[in-house]
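One letter stands for each residue in the lines below.
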Amino acid sequence: MVPVLLIGIPLLAGLIGFSLKDAAAKTWALFASLLTLGVSLFGICLPKDSRQLIFNEPWMGSLNSHFAISLDGTGQILCLLTAIAFPLIFISTWKEEYKKAHNFFGLMLLSQAGLLGVFLAADALLFYFFWELALIPVYFLASQWGGEKRIAATFKFFIYTFLGSLMMLIAIIYIYFHTRDRSFALSAFYQAHLIISQEAQGWLFWFMFVAFAVKMPIFPFHTWQPDTYEQSPTAVTMVLSGLMVKMGVFGLLRWLAPVLPMGTYVWGDTISMLCIIGMIYASLIAMRQDDLKRMIAYSSIAHIGLMCLAVFATTEIGIQGVMIQMFNHGINIIGLWIVVYIIEKQFKTRKISELGGLASKAPVLTAMLVIITLANIALPLTNGFIGEFLMFTGIYSSKATVYNVVFTVTASLTIILSAVYMLNMVQRVFYGPTNTLTEKAVDIRMNEKLVLGIIVVLIVIVGVYPEPLFRLTQDSVNALLSKMFVKP
Amino acid sequence: MPINYYIFLAVALFCIGVAGVLTRRNAIIIFMCIELMLNAVNLLLIAFSKMHHATAAVTDPNAGINGQIFVFFIMVVAAAEVSVGLAIIAMMYRNTHSVDVNFLNRLKH
Amino acid sequence: MSATQFLFWFLSILALFSAIMMVVSKNPVYSVMWLIVVFFAISGHYVLLNAQFLAIVNLIVYAGAIMVLFLFVIMLMNLNAETEPQKNKWLKIAGVIGGGALLLVLVASLKEADLHNRIAETGRGEIGLIHNLGMVLFKEYVIPFEISSVLFLSAMVGTVVIGKKD
Amino acid sequence: MSNYVYLVPLFPLIGFLINGLFRKSIPKSLSGLIGSSMILASFVVSAGIFFQVKQEGFQPVIVTLFQFIHADKLTIPFSFLVDPLSTLFLLIITGVGFLIHLYSVGYMKEENAPDYAKYFCYLNLFVFFMLLLVLGSNYVILFIGWEGVGLCSHLLIGYWFKNIDYDNAAKKAFIMNRIGDVGFLIAIFALIFKFNSVSFDTIFHAAPTATTGFLTAVTLLLFLGATGKSAQIPLYTWLPDAMAGPTPVSALIHAATMVTAGIYMIARSHVLYNLAPVSQTVVAITGLATIILAALIAVKQNDIKKVLAYSTVSQLGYMFLGLGVGAYTEAVFHVLTHAFFKALLFLCAGSVIHAMSGEQDIRNMGGLKKYLPITHFTFLMGCLAISGIPPFSGFFSKDEILTAAYGKNPVYFIVGVAGAMITAFYMFRLYATTFLGNFRGTEKQQHHLHESPSTITIPLVVLAILAVVGGFLGVPELFAKNSNLLSHFLNPVLGGEGNAAEIPASTEWMLMGISTILAISMVLYALSKFRKKPELGEPVGFGKWMADKFYVDELYDALIVKPLNALADFFNQVIEKKLIDGLVNGTGRLVQYSSRQLRYLQSGQVGGYVLLMVIGTVLLFVVQLFLRK
Amino acid sequence: MNAIITSAILGVIMMFSGIFLKKNSSIAALAILAILILLIMSILDMSGYHFFQVDTHNMLEFEAFGHLINCIAFACTLAYFLLNARDIASIGNNPGEYFALIFFVLCGISIATSFNSLLMLFIGIEIISIPLYILTGSDKRNLKSNEASLKYFLMGAFSTGIMLLGIAFLYGSSAKGSFFLDDLAPVKSATASPMMMTGLLLLMISMAFKVSAAPFHFWTPDVYDGAPTVITSFMATVVKAGTFIAFIRLFGNAFPDIKSQWQIYIAIIATVTLFIGNITAVFQQSVKRMLAYSSIAQVGFMLLSILTLNTLAKEGILLYVAVYSVATIGLFAILVKMKDFSFDGFNGMAKRYPVVAFAATIFLLSLAGIPLTGGFLAKYYMIATVMVTGSYLWLVIFALLCATVSVYYYFRVIQAMYFKDGLAQELEIGPGFQLMLILLSLVIILLGIFPQLLINRLYIIYI
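Listed in order, the protein sequences are those of chains A, B, C, D and E.
Residue numbers are given in this note's numbering: position 283 of the first sequence equals residue 263, and the series is strictly consecutive.
Residue numbers are given in this note's numbering: position 18 of the second sequence equals residue 28, and the series is strictly consecutive.
Residue numbers are given in this note's numbering: position 80 of the third sequence equals residue 81, and the series is strictly consecutive.
Residue numbers are given in this note's numbering: position 458 of the fourth sequence equals residue 953, and the series is strictly consecutive.
Residue numbers are given in this note's numbering: position 212 of the fifth sequence equals residue 825, and the series is strictly consecutive.
FYI, nobody ran anything at the bench for these hints, they're computed from the structure.
Ideal Cβ placement from N, Cα and C applies to all residues, glycine included.
Just to be clear, a hint being listed does not mean it is correct.
[Claimed, not checked] Straight-line Cα separation of at most 30 angstroms, DSSO-like style, residue types lysine-lysine; simulated pairs:
(1) C:Lys93 / E:Lys757
(2) E:Lys635 / C:Lys166
(3) D:Lys1072 / A:Lys331
(4) B:Lys118 / E:Lys1033
[Unchecked claim] Simulated restraints on C-beta separations:
(5) D:Leu1074 / A:Lys79: 32 to 40 angstroms
(6) A:Leu174 / D:Leu1078: 35 to 43 angstroms
(7) E:Ile1058 / D:Tyr1088: 52 to 60 angstroms
Please model the entire structure based on the sequences and the hints provided.
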C-alpha cells in the first residue's frame, strides 16, 4: 500500500493543486510533500519483507503488463531523497512569486509523482510510463517559468531525452519478446539474459544506455544540461539536477546492469573511458565558467561520471558507494542551488566575476556554503567523502576491468580539480573585498536558514555516522550484484 | 487470339492514357485520357473473361462471366464519375474561365 | 491470316493510332472525335470476343452519352486550340518518358507470365450474351447492383450541389 | 585512563562548537578563555595518558567509538590507538597548542569579537583534527585528520579573507595538500585492495606477505601525501606563502604540528618502509634536496617569517632524512625539539612584528635588543637550538639524524652537515639583522617599540626553556647508557634503531665534533658579517636566484597552471561549443534544411504530382523486377 | 449489413431534410440524431442483432473487426458532428446535401470494412471518393476549394484507373477467374505468378494513394489545405481510417500466405512515407497544412501493421485508428473555429482559453506518442508488431527517429499556446464545445491507460 500512497499523494495533490488559488497552492504543495515524506519514512521503517511495500495488479491484459510497484532497497534511498528534496525546495523558494503559481506547484507535484514512480516501478512498461511522466511536467515548468532563452534550451533537452527514451523503448520491447512468458515484470527481465544472445545484448545495451546516459548525463550526451540548468527556474533546476539526474544512474543500476549483464560487461571499459573523459573534461570546463549555474552544472556532470564509473566497476563496495552518493549528491547539489538562488535573488546576477566579499556581509550564508562546498569536494566527515571513498575503493578493486588502477588514478585527478573550481568559486564570490554590488548585501532569511541548516545537518550526520544508509542499501546491493556479470 | 496480344494492347492503351494525363493541361482532355485508361482496362477484363471461359467452359458454362459483369460496373461507375467530374470542371470554369489545371495554383509547398 | 486475325490487327492498330491522335491533337474537339474512334475500335474488339452486350453498352454509354457530354461541355466553354496553354517542352517530354517507362516496366514484369498456351477465344462462347449476363447480374451480383444505386445517388446529389447556381 | 582518550579530541571539538555557534553572542574574553582552557583540559588528559603509557609493559590500547564504514568485507571502525608514539604527539600538540592559544589571546586583541571567536573556533577545530590524525587507529581516521588539518590551515591562512593575496595563499595551500592527499588516498585504496583492511595492526602484520613492488608503490604514494602535508620537494611552495596567516597560526600549524603530520604518518608506517628500501632512499634524497634548497633560499629572504618558513622546510627535510635512513626515533625526536624551538622562533617573530606594529621586513629593524629584551633572549635561545649548538635541544636531535645518515651513506652526512652550516648562517643573519646593530625603522615605529604583554612573553619563556633543555630527553647512548629516554619510550612502537646501521663510537664522536665545530664557526662568521653592516641592497647574481626562490613558483605556473587553463579554454570554446553542440544543433538544422527542400516536391501542379506518382510506380516495379531475379 | 443499409437510408433522409427544415441548426440536430441512430445500429449489429438478413452471395463478409471499425468510425463521426455540425451546415447553401454526402461516405466505409470481393472494394472506394470530391469543392466561391476539388478528382480518377488495371491482372491471374479475395491467392504454389505480382503491386499503389502514403500522397496536402476545414477534418480521420481498413483487409484476407513477397514494398512505402511526412511537416507555416503532413506521417506508422498482419497488428491498428481520429478531430474542431491557421495564431491561447489549450495539448501529445496518451500505445503496438517478427528492425528505428522529428512540429503548437505570449484570436465557442473537447481528451487518456477497453471487444464473440 505504501508505494501506492507514495505515487498517489503527489499525483492527486498535483491535480487538485491546479484548481487552487495561488497562495493556497503553495501551502497545499508543501503540505502534500511533507505528507509524502512522512509516508516514505514510514515505508523505510517497515520490515523489508512487509507486504505493505509491494503492490501488484494486472494492468494491460493483452500486453501482460502489470501495475507492479515495490519499495525495495534500490528505490528506497532515492524515494527518501525525493521525498526530502521537495519540501526543501518548496521552503527555500517560499518567497518566490510565480505567476500562475497553482499551475507551477501542480506540475511540481506531478513531476514528484513521476519521479517516485520511476523509482518504484517493478514493471518495464510502467517504468517507461513514469519515465516520461516525470519528464513532461518538468519540461512545462522549465519552459513556462524559465529564463529568456528557455524555449529553445528546454526543447533541446526534451528532444534529447525523448530520443533517448525511444531507443530504450526498442530495447524494452525486444527484451519483452525474449522473456520466457512475454512479460514486462522486472523479475522476468532479470531472467531474459539467459535467452538473449551475447551479440543482441551488445547492441541492446547501447539502446538502453543512451536513454540513461542522456539523463545522467554522460559525455558526450551532456550538452543539453548546462543550457537547461541555466534557463530553468532554480526550483526546477533543483529537481532536474538533484533528482532527475538520479533517474539515469538508477536506471543503470536496476534496469540495465542486471538485465543485460553480458552487454554491460562487454561495454564496461568503453563506458568507463567515456565517464573518465567526461569527468576530467567537465571539471576543466567548470574551472572556466563565470556563471554559477553553469559551473555547478558541469561539476555535476563530473560527479555523475564517477557514479557511472563505479557502477560499471561492479563491486559491492562501489555500488554501495553509488547508492549512498546518489543520496548525498542530491542533498549537496540542492544546497548549492539554494545558495545560488539566494544570491541571484539578492543581486540579480549569477556572474561570479560581478560578485565578491559576501563573507563579511553574510557570514551565516558563507558558513553554510563552505560546508556544502566541502561536502561537494568530498572532505572527510562530510557525506560526500563516504560516497566517493567507497566508489573509488570499488573502482580500484574492480574485477570487471583490467584497467582498474588506471581508471582510479585518472579519475582521482578530479578530486584535485573539483577542489580547484569549487574553492575558486567560494573565494571569488565570498572572499575578498566587497564591491558596489555586494555593498548592501544582507544575510539569509529564516526559511533559507532553516533549509540550509537541515542540509548541513544531513551532510554532517551522514558524513560521521553513515551506518543507517549502509543498512538501508546493503541487501539490495547484494541482490543487484548477484545478477551482474563479473569475470570469475 | 493469344491472350498476350490483348494484354499488351491494353497496357499500351493504358500507358497512352497515362502519357496523355502527363502531357496535357486541359482538364477535360486529362479526364478523357483517364477514360481511355478505363477502357483499356475494360478490354483487358473482357479478354481475361474469355480466357477463363476457354479454360473452364466444360465444367461451368458461365465460367469467366464475372469479368464482363465487372466491366459493366466499371462503365456504371465511370458514368457517375464523368457527371461529377464535368460538374467540377464546369464549376471551376465558372469561377476562373479556364480549364487549365495549372491555372489555379494557390495550394503548394 | 483469317478474317478474325485481320480484324484484330486492324482494330488494334486503329485503337492505338486514334488514341495517340487523341492525346496529341491540339483542338479538344478533335480529341473527342479521336476518342470516339477509339471506343468504336474497342467495341469492335468486344464483338470479336463475342461480348455483344458490352459492345453495345460501350457504344451507347461511352461513345453515345459520355462523349456527347464531353462535347457539350467543350462547346459550351468554346475551347479551341488557342485557348489551351501549352505545358513547357520539358514537362511534355518528361510525361512521354514517364508513360513509356511505365509501359516498359509493365511489359517487362508481364513477359515472364507463361500464358503462351492461354488464348482468349474469339467468336465462341455464350457468356457475353445479355441473357446470361442478366441472370448472373441479378442473382450473384444483386448486392453490388443495389449498392451502386447509392453511388449514383451520391453522384447525382453531388452534381446538383456543385452544378446549381447560387 | 587511556580508555578516556576520546576526551582528548572531544574538548577542542566542544570549544569549536561553542565558539562557532555563539560567535556573535559571546564576548572576546570568554571565547579566548574557552578556546585555551579546552586545550589545557585535553593536555591534562593526555598527560594522564602519558604517565600510564610510560609504565613498563604497557600494551597499546584501541578504543573503538563506533562503526564508521562497513561495506562488503571491509569494516572501518572509528577507533583510537593509544601507544607511545601517539601519546608523544598528543603531548606535543596539546602542550605547544595550549601555549600558542595563550599567546593568541594577547596577540589577536585587535580583532573584533566575532572574528576573534572565529579565530579560536578554527584553532580548536585544527587541534581536534590534529588529534584525530595522531590518534586514529587506521589509515582512514588518520586521513580524516589529515584532510581536516589541511582544511583548518586553509581557513586560518585565509583568516583575513578581505585580502585577495591571502586567499590565494590559502587556496594554494589547500590544493597542494590535495595533490598529496590524492596520493595518500590511492595508497589507501591499494591497501584495501590488498589486505581488505585499513587498520594499522592488520596491515603491518600482513605486510611481509605482500610483494616488494607493491609495498614500494604504496610507500611512495604515502610519501607523496607526506610531501604535500610536510612541504617537501616538489610540493613545498605553499608553506612560505602560508605565512599570510596570523603568526601564532604559523607557529602552531606551519611549524610545530601540522607540517610534522607527514613524519608521523611515515613513522607510523615504518614497517612498510622497512620492507621497501627503494622508497626509503627516495625519502632520504628528497629530504636532503629539500634541506639544501630551502636553506639556500632562506639565506636571502628579508621577511622575518619567510626566513623561518624556509628554515622549517629545511628542518622538515632533516626529519625525512632521518626517516629515510631508518632512524625513526631520531626523526620523531627532531619533531619534538623542532616543535619547541621553531614555535619559539615564530612566536618571537610574532612578538617582534607586534612591537613593530605589523612590520615584517628585517631590513627595517635592527637593534631591537634593547627594546625587547625578553623576546631577544628567547629568540637567541631558539637560534642556538636550531643551529645545533651543544647542549641545546637542536644539537642532539639533528646530530643523531646525521650520525644515522652517515651510517647509511657518508654522502648523506656531508650534505646534511652542509645544510646545518647554512642553517646556522641564515639564522644568525636573521638574528643579527633584527636585534643587533641600530634601529633602521621609521620614527613612528621607534616611538612605540615596547616589550609585549605577559600573555605573549610567558609562552616565550616556557618554550625557550623547553628549547634549551628539551634535548636531554634523547641524549645519545654515547654519553651514558640508557640516557636516551625517548628512544626507550618509543621502542615498543618504532623498534629502537629500525634498520639504521650501527657505527663505532669513535666515528660517532668524530662526526659530532665536525658538525659542531662547523656550526659554531658559521655562527661566528654570520655574526661578524652582519652585526655591523647588514646587507640591505638588492641581491645580485646567484644571490638573486636564491632571493627569488629559484623561480620554482614561476616554473610550476608555466608547466602546469597555464597549460591546464589553456586546455580548459580549448575544451570550453572549441570542443563543447563548436564540436559537440555544433553536432547536435547541426542535426536539427539539417532536418530544417531538408524540410525546406522537400517542400518543393509539392509543386502544386497536377501534372507534376501524377508524374511523380508514375515515377514512384515505375521505381517500385523496377525493384520488383530486381527482386524477382 | 445494418450499417450499410441504415447509412444509405439516413443519407436519403438527410438529403430531403433540406427541403423540410429551413434552419441550419435543426438540420444539424437531425444529423446528430441520425448518426446516433447509425451508431446504435452498428453497435447492435456488432452485438449480434442483425435486422437485415440478406444473402450477400459472399460479396460481403461481416466480422468483429469490421464491425468494431464501423463503430469507431461512427463514434468519431458523432463526436465530429457534436463539435462541428453547425460549421458543416454553414459551408454553403445546401446543408442537407452535405450531410447526405457524409452519410453516403459512411456507407462506403462500412462497405470497405466488410468487402469480400474486389468488386465490392471498388464500389466501396468509389462511394467513399465521389462524395468527397464534391465535399472538397463544396465551398464553391472559394478558389482554393475549387482547385482542391479538381486536383482531388483528377488524381483520384487516375488512381482508380491504376486500381482497375491491378484488379484486371489479379482477375487474369486468379485460377478460378473470380474476384473473391479467397480465390485470388495462388492455390498450391506459395509463389505469386508475375501477373499476380503486377496486379498486386498496382492495387497496392492505388490503395497507397487512397490512404495518402508516399510517394502517392501528393494530393493530400493540397486537398486538405484547400477543402473547407470541417471537411478536411472528416477526410483526415474517418475516411482515412475507413480506406486504411480496406487496405489492411484486402491484403490480410487476399494475400496473407505470400506475405513474404510483398512485405518489402510495404516497407519501402512506409519508409518513404515516414520520411517525407515528418520532414516536410517541419517547415510548414500553417497548422492546417502541418496537420495534413502529420496525417501522412501517421499513415507511415499505420503501414507497419500491414507489414506484419499479425494479432498485434490487428489490435494495434484498431487502437491507432481510434486514437488518431479522436485527436485529429479535436484539433481540427479547434482549427475550424480559428481564422488564422498560422502557428502564431495559437500564441497566448493558454491564457485566453485554458480548456481549449489543455485539450489541444493532450491531442498533440497523443499524436506525438507521449505515454499516458493513447498515441503512445498505438505507436507501441506498431513497433511491437514489427519487432515480434524479428526482422525489419531498421524500419522500427527509422520510424522512431521520425517520431522524434514529429515531436518538433507538434510541440511548436504547444509552445505557441503556452510559452509564447500574444493576443489569442477570438473563437466563438460555447461551454458545450469545451466540454466535448475535454471528453475527447479524457477518451484519449483513458485509451492510453486501459487500451483493452477497446481491444478486448475484438475477442467478444456474439452468436
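Status of each hint after checking the structure:
{"no.": "1", "hint": "C:Lys93 / E:Lys757", "result": "26 angstroms, holds"}
{"no.": "2", "hint": "E:Lys635 / C:Lys166", "result": "19 angstroms, holds"}
{"no.": "3", "hint": "D:Lys1072 / A:Lys331", "result": "19 angstroms, holds"}
{"no.": "4", "hint": "B:Lys118 / E:Lys1033", "result": "28 angstroms, holds"}
{"no.": "5", "hint": "D:Leu1074 / A:Lys79: 32 to 40 angstroms", "result": "39 angstroms, holds"}
{"no.": "6", "hint": "A:Leu174 / D:Leu1078: 35 to 43 angstroms", "result": "38 angstroms, holds"}
{"no.": "7", "hint": "E:Ile1058 / D:Tyr1088: 52 to 60 angstroms", "result": "36 angstroms, violated"}
Of the hints listed earlier, the one the structure fails to meet is number 7.
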